[in-house]
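Colleague: If you read the sequences in order, they're chains S and F.
For the first sequence, the UniProt record's numbering begins at 1 and goes up steadily by one.
For the second sequence, the UniProt record's numbering begins at 1 and goes up steadily by one.
To be clear, the hints were calculated from the coordinates, so they are not data collected in a lab.
Here the structure is a predicted model, which means the values were calculated and not measured.
The beta carbon of each residue, even a glycine, is placed where N, CA and C say it ideally should be.
Keep in mind that a hint or two might mislead.
The calculated label-pair distances, taken between Cβ atoms and stated as ranges, are [unchecked claim]: (1) Ser253(S) / Asp96(F): 55 to 63 Å; (2) Asn115(F) / Gly190(S): 48 to 56 Å; (3) Phe135(S) / Lys8(F): 35 to 43 Å; (4) Gln231(S) / Asn270(F): 48 to 56 Å; (5) Asp200(F) / Ser233(S): 20 to 28 Å; (6) Lys93(S) / Asn270(F): 31 to 39 Å; (7) Val61(S) / Asn115(F): 25 to 33 Å; (8) Ser282(S) / Asn262(F): 37 to 45 Å; (9) Ser6(F) / Asp97(S): 30 to 38 Å; (10) Arg16(S) / Ile58(F): 36 to 44 Å; (11) Ser271(S) / Val304(F): 25 to 33 Å; (12) Thr192(S) / Asp96(F): 19 to 27 Å; (13) Asp97(S) / Ala272(F): 23 to 31 Å.
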Amino acid sequence: MDYFRAVYIADERSHRSLSLTTEVIHLNAGNYTVWHFRRLVLEALNVDLCLERDFIDRLAVRNSKNYQIWHHRRWVAEKLGTEASERELEFTKKILDLDAKNYHAWSHRQWVLQALGGWQNELAYCDKLLQYDIFNNSAWNQRYFVISRSPLLGGLRAMRESEVGYTILAILANPENESPWRYLRGLYQGETELLVSDNQISEVCLKILKTNQSSVFALGLLLDLLCYGFQPSGELRGVIESSRNLEAGSADSNLATSICSILEAVDPMRSNYWGWRRSRISSQVC
Amino acid sequence: MDELESDKHVKYILSIEKKKDDVEALLMEHLRINGAYWGLTTLDILHKISAVDPEEVISWVMKCYHEDCGGFGGNIGHDPHLLYTLSAVQILALFDRIDVLDAEKVSIYVAGLQNEDGSFSGDMWGEIDTRFSYCAICCLSILHCLNKINVEKAVNYIVSCKNLDGGFGCTPGGESHAGQIFCCIGALAITGSLHHVDRDLLGWWLCERQCKNGGLNGRPEKDADVCYSWWVLSSLIMIDRVHWIDKDKLTRFILNCQDKENGGISDKPNYAVDVFHTYFGVAGLSLMEYPGLKSIDPAYALPVDVADW
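I would like the entire structure built from these sequences, with the hints used as guidance.
Modeller: Set out below in structure tokens:
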């Protein structure tokens, strides 16, 4: 460390300094001043940055949550340019194989796609991760990132129909999974009238509630639909009312209020939230 | 229910300062000023800041100052960075000694890190993240120098990081994460821009972070961790939705993460304690008005009597 201090203060941009930074980084990869100095040395010596990339490859597996390493990686990739895209996507995949929710790796991956390209297989990659773990919120987020930003897919509206189908299947397989329920809403962002008028949405809620009357996410989405003006079918009404009788005995004046009462009972940790929702239901809501 | 072991936490915090040779000290070396901010703020919340000598702290903080550029490093001899500049300014604010600073110079350093799109870089190397937007805005606000940056652009950049769940990520399209949400909501609160937030949608997402054990997580399907008692709670307070979580259960979770023998709070029950989880635990309890604690300001992350400007 003292040797490093000496070359740093003398601003000696030499091969000897480069090896010293390597040593210090192995001791503490979070020391950002060492990384800064290393970049100055790399620039001065005109080192082949592919070698630097190999150095980070070896280091990153052990330090995959270290901000400095990821930032350094981006600096290297930026200098190497679009040709680096494939290697960078492969590198983040390697890290995500170890921890599929690593925030740094996802952030780097999004930067690579936008700055260097390589969108072709990204939706398939999200699908692969979701098949492995359908609860992976990072993969759902990446999926939304791809369908809304990929230059190859035509944007959110073009993708909506197929995405709704995909998401409904995911919900039916695991109704307690928070992520696809939010994703489904996100597919209609800013277009609530379409969300209300698409029968697939209320049908998936009904289907879930038929097998599990206390599904928080199905009840929550249904509550939103009702607040947006959705007119429920007799069948849906019947399912909710029978559940309401089971939970608290008496029926409420309208369906949305009933749903809030059920949610207060089945999700006690958030009963204040559901109680607040109930207090906001206007008389026009069914 | 367990009680807060205030005296032991004070003892623990004061003891860290004395350990300079172990592995933890080596790993903390480059961010010592962050550690100092966490420890000192915790002492203040516990009404024990008088246990340290202000002059000693201030003279050390000023040794981390880079007079040539106006930024602070994480320790003596380390390069300047926005993360450490904020901690330095917060520490000086704790002792009501902002006057030792050349506020003009520091604010020029901070303002110089704003990019064309309104975002902020952490330092001259250009890493961009909404964490840095918060650091810059909080720091400039304490120094009364927000007029040095383009606030409208800064706000628009943060808003561009908003997601479908109402939360915020580190850059546009980045996954919502409770830590990033604190930074974005804090920056929007300080600049009077909370009208950009869908409070009900975000509030629901944040209260969904409470797990069965009462603790809060930072993203869906992750484990509860004491640090989110700060990130999630402070955000909920700023958007006025904190009553949506179960405070008793969260209080119990935090108290259960204390080292009752030697002081300090860990991330999860029975894990090793550290100074920043001690801060997050005590600050979280303060946000829930736990008896005997000073109240902390959710946006500035300083006791309210300090953040009263």
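Colleague: Please go over all the hints and tell whether each is borne out by the structure.
Modeller: Outcome of the hint check:
1. For the pair serine 253(S) and aspartate 96(F), the beta carbons lie near 57 Å from each other, so the given range of 55 to 63 Å is met.
2. A hinted range of 48 to 56 Å for the beta carbons of asparagine 115(F) and glycine 190(S) is inconsistent with their spacing of about 28 Å.
3. For the pair phenylalanine 135(S) and lysine 8(F), the supplied restraint of 35 to 43 Å holds, since their beta-carbon distance comes to about 38 Å.
4. Taking the beta carbon of each, glutamine 231(S) and asparagine 270(F) are about 53 Å apart, inside 48 to 56 Å as hinted.
5. The supplied range of 20 to 28 Å is met by aspartate 200(F) and serine 233(S), whose beta-carbon atoms lie about 27 Å from each other.
6. At about 34 Å, the CB distance of lysine 93(S) to asparagine 270(F) agrees with the hint of 31 to 39 Å.
7. At about 31 Å, the beta-carbon gap between valine 61(S) and asparagine 115(F) stays in the expected band of 25 to 33 Å.
8. The hinted window of 37 to 45 Å between serine 282(S) and asparagine 262(F) is violated, with their beta carbons roughly 56 Å apart.
9. For serine 6(F) and aspartate 97(S), the hinted distance range of 30 to 38 Å is not satisfied, since their beta carbons lie about 44 Å from each other.
10. Roughly 38 Å separates the CB atoms of arginine 16(S) and isoleucine 58(F), a value that falls within the hinted 36 to 44 Å.
11. Serine 271(S) and valine 304(F) have their C-beta atoms about 29 Å apart, which keeps the hinted 25 to 33 Å range intact.
12. For the pair threonine 192(S) and aspartate 96(F), the supplied restraint of 19 to 27 Å is violated, since their beta-carbon distance comes to about 50 Å.
13. For the pair aspartate 97(S) and alanine 272(F), the supplied restraint of 23 to 31 Å holds, since their beta-carbon distance comes to about 28 Å.
Hint check: violations occur at hints 2, 8, 9, 12; the rest are consistent with the structure.
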